[in-house]
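Colleague: Residue numbers (the working numbering), protein chains in the order written: chain A, 1 to 293; chain B, 1 to 290; chain C, 1 to 316.
Derived by calculation from the structure, the hints in this document are not laboratory data. Take these hints with a grain of salt, some might be off.
Here chain A is said to cover these stretches of chain C; the calculated rule only asks that three of the stretch's residues, wherever they fall, bring their Cβ under 8 Å from a Cβ of chain A [said to hold, decoys possible]: (1) 25-34; (2) 267-276; (3) 291-305.
Residues from chain B shown here face chain A by an in silico Cβ test under 10 Å; the list is partial [as the list claims (entries may be wrong)]: (4) Gly-20; (5) Gln-30; (6) Val-36; (7) Val-63.
Glycine included, each C-beta is placed from N, C-alpha and C at the ideal position.
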Amino acid sequence: MRPEKTDKLATMLILLLAGITGLAVLAFLAYLLVTGLPHVSWHFLLSPAKAFQSGGGIRDQLFNSLYLVVLTMLVSVPLALCAAIYLSEYAVQNRLTAAIRLAVEVLGSLPSVVIGLFGYLVFVLQFGLDFSLLAGALVLTILNLPILTRSFEDALQQVPTLQRQAGLGLGMSKWRVTTKIVLPGALPGIITGMILSAGRVFGEAAALIYTAGQSTPAVDYGNWNPFSPTSFLNPLRPAETLAVHIWKVNSEGLVPDARAVSNGAAAVLIITILLFNLLARLIGYLVKRRFAK
Amino acid sequence: MRKVLLGILLAGVLAGLGCGWAAAKKQPAQSKVTVVGSTALQPLVEAAAEKYQRDHARTSIIVQGGGSGTGLSQVQDGAVNVGSSDIFADQQDGIEHTKLQDHIVAVAGIAPIVNPRLGIDNLTLDQLHQIFTGKVTNWRQLGGPNLPITVINRASGSGTRVAFEQTVLRPGEHAVNAQEQDSNGTVKEIVANTRGAISYISFAYVNSRVQPVKLAGVAPTAKNVMTNRWPLWSYEHLYTKRRPDAATKRFIRFMQTRRVQDSLIKDANYISIHDMKVARTPDGQISERR
Amino acid sequence: MDELNQSFKPKPTVAFRRKKTTDRLLAPSVETRQEWGGKLVSCLAILLIGGLVVTLFAFLINKGLALFTTDKFSLGAFLTSTDWRPSHHHYGALPMIATSFAVTVLAGVLALPLALVSAIAITELLPNWVYRVLQPVIELLVGIPSVVYGYVGLTVIVPQLGRMFGGTGFGILAATCVLFLMILPTMTSMTIDNLRQVPQQYRLASAGLGATRWQTISRVVVPSAKSGILTAMVFGMARAFGEALAVQMVIGNAAIMPTCLLSSSATLTSVLTTGIGNTVMGTASNNALWSLALLLLLMSLAFNLLLRVISRKGVR
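Sequences and hints are given; from them, build the entire structure.
Modeller: This is the structure we're talking about:
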């Protein structure tokens with residue numbers, strides 16, 4: 001066959017296959033949204049789940065998911081930032097650094113269920129935290145640290161070396177250069193990395209079923225005291241997240257409208273992740289524009 | 001300027017947290033009851049806890065899932081007040097049942113189910129035994145259509161399965177290694193969608209999409225369970241240490257009252273413990289209830 | 001004398017003062033102290049992470065070996081026996097190992113060509129705006145939680161398979177479909193990144209030599225991005241191997257050797273998630289589950305190693 005003909009044939013074939021794949025994936029997305037969105041309403045978002053009757057909502061699950069993201073970020077961002085600063089600014093190329101990098105990478109590749117079981121063993125049983133938001137947040141921190149560390153390190157590396165040298169030339173200490181010059185410069189990357197990893201934390205389920213638990217006790221949204229056991233802010237209460245809720249409603253659900261609830265919950269989950277992604281893009285864009293000025 | 005503002009904000013937050021902590025400490029000591037265990041029992045206990053807390057604001061009851069095994073081992077370790085379980089502690093490996101006290105709070109009937117299009121609605125206990133040990137593999141052998149039997153078992157160690165096998169299988173026998181599903185809901189869906197499938201679920205989950213099977217003419221109804229004419233049923237237990245504290249005792253007694261048994265337990269399609277005319281020991285002995 | 005004394009007296013004070021100044025000059029400055037502080041904090045953070053990894057491994061290895069040390073179950077039987085019946089103290093993990101591998105490899109092999117084709121179409125054939133439109137969509141797909149994939153598998157794919165081939169529809173094929181859908185976006189996006197990293201000069205040089213577009217793609221672009229593409233595949237497979245809930249929802253959970261694609265099976269992860277709540281800490285059945293977790297850990301280490309080997313080859 002002549003090369004031109006092969007070229008045309010191959011191009012057509014590739015486009016065809018890619019088109020089919022794309023359509024299948026888009027159909028998947030569309031299916032989720034079309035079946036889920038009709039169930040999403042303010043009532044669905046703002047009413048508590050029900051155990052036996054239909055018509056339950058996802059208020060507590062949605063709040064738990066968001067709160068868990070916040071708690072996780074509170075623990076993991078400072079830790080990951082410090083680690084990234086060390087790796088990017090201080091680490092010398094030696095065996096130890098290589099070993100640490102390997103450790104971070106290995107941690108990142110572990111199946112989430114394994115990390116969840118580790119959390120169950122250590123945080124829930126050993127530390128006596130029971131099934132609680134805190135135990136869940138700590139497990140998600142382990143899950144989140146490698147991704148966060150890597151994206152922070154990338155962001156720090158993007159800052160030109162010249163800027164560092166200028167700072168050092170002025171007699172600033174390396175730490176001051178890092179905090180006053182490198183960090184502000186890397187801020188857009190850091191924020192984007194945070195938001196994207198928040199999306200992953202938001203949807204995690206396997207690591208949470210044996211750490212944050214599968215139940216939601218009645219909580220009082222008027223009680224702002226995090227130490228009170230009925231408060232919605234209390235980090236020591238068990239909490240079922242949205243992703244866990246989907247899994248549980250489908251397996252052990254007694255509600256007659258399990259299908260509707262999980263369709264709606266799936267749509268909410270996807271839309272939230274979409275919002276996270278859009279937010280990350282928007283912030284990246286805004287900061288870039290500010291820097292360009 | 002910015003630093004000062006930030007400092008003030010931080011101090012404010014810390015002060016608020018401190019006040020909150022102090023306030024939480026000062027509050028009349030709340031008694032806390034933690035119930036961990038069976039996922040099947042969880043919604044029921046949650047509903048009861050909600051009702052109970054309406055009248056007893058001093059008691060906070062936390063209900064968590066995690067599985068019967070988790071519940072029993074946690075209550076044995078003293079990590080929680082109550083371990084909920086679908087099976088007797090005696091039947092669970094690694095649990096010293098003499099250290100625990102059993103409180104039965106409900107009875108669950110178990111019904112074998114098949115697909116409505118299969119056209120079978122009656123089997124004998126022996127036939128059920130043959131199906132679940134793999135001796136019969138086609139519905140034709142049981143007078144049905146020429147269709148392979150798809151056995152769907154429950155997760156090994158789950159309460160429903162232990163109760164089912166205690167009645168259907170002989171001691172020491174084990175079921176054919178088949179598909180295992182953890183939950184009532186999934187099992188029902190599979191049987192509703194597969195013509196040759198057979199499984200068993202709690203009464204609470206039976207609906208028009210699946211066909212409950214009669215055992216030698218006896219229908220799976222609550223009435224038949226009460227007299228043990230329907231032999232497939234199990235207790236739902238709340239286990240405590242031998243000497244539970246007052247709050248725990250009160251809550252369990254509340255769940256056992258006639259008021260709760262007749263409303264909540266029945267609404268959830270469980271059978272009230274007061275209606276049972278027979279009792280069953282851990283090793284399966286049936287006796288008249290006094 | 002008095003005078004002398006007077007003129008003498010101040011001297012020590014001056015000397016003393018001078019000493020203080022040199023002391024201060026020689027003492028670490030604020031900057032240096034900040035530097036130390038910063039270094040300490042960041043060093044502590046990294047040590048914490050390192051320590052975390054070590055503890056995690058120590059705990060899981062300790063727990064995972066208990067089946068062989070305290071319960072005296074033989075390692076050989078664990079790895080080669082096909083009989084998994086915890087209630088009768090048979091802990092043969094081979095069915096789960098085999099199924100895990102089957103599912104992972106099938107999903108990877110299915111997803112690789114499609115990911116490659118989509119990536120080629122987006123980077124090489126279609127105009128740039130398509131890439132800009134599709135990139136956020138792919139990112140969204142990468143971010144969709146695995147539970148959602150499992151849920152769609154349970155409600156759409158499984159009944160469909162049951163209708164098409166008879167039986168329940170649960171099994172390796174359903175799990176493969178779900179995992180395939182799940183890892184496809186990740187692999188596509190990684191492959192796109194790798195193809196875009198191939199220098200533009202390569203394409204121009206190839207075109208200058210009179211090669212057609214297909215010749216350029218098949219003989220220049222793809223070969224030079226080969227290690228990156230393989231990395232994407234292994235990465236996707238590693239993710240598929242460790243996925244728990246999505247698989248557990250559709251695989252059927254029958255711990256028997258997989259005989260066909262449509263019969264129910266069980267993977268390492270699915271047995272773990274269903275079993276851990278139904279067993280009691282410290283019993284042999286529970287320890288066997290921890291051994292499965294350890295196996296999972298070792299496998300993900302192996303995948304990691306494979307990734308390193310592939311990417312190192314790419315550098316050379």
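Colleague: Each hint should be assessed against the structure and marked as holding or not.
Modeller: Results of checking the hints against the structure:
1. Under the rule that three or more residues need a Cβ within less than 8 Å of chain A, the assignment of the stretch 25-34 of chain C holds, with 3 such residues.
2. By the rule of at least three residues with a Cβ nearer than 8 Å to a Cβ of chain A, the coverage given for the stretch 267-276 of chain C holds, with 4 such residues.
3. Beta-carbon proximity to chain A at under 8 Å applies to 7 residues in the stretch 291-305 of chain C; the threshold of 3 is reached and the given coverage holds.
4. With a cut of 10 Å, the hint placing Gly-20/B at the interface with chain A holds, because the nearest CB-to-CB distance is about 4 Å.
5. About 6 Å separates the beta-carbon of Gln-30/B from the nearest beta-carbon of chain A, less than 10 Å, and the hint is met.
6. Restraint check, Val-36/B versus chain A: the minimum CB separation of about 8 Å is within 10 Å; hint holds.
7. With 10 Å as the threshold, the beta carbon of Val-63/B comes within range of chain A, its nearest partner Cβ sitting at about 5 Å, so the hint holds.
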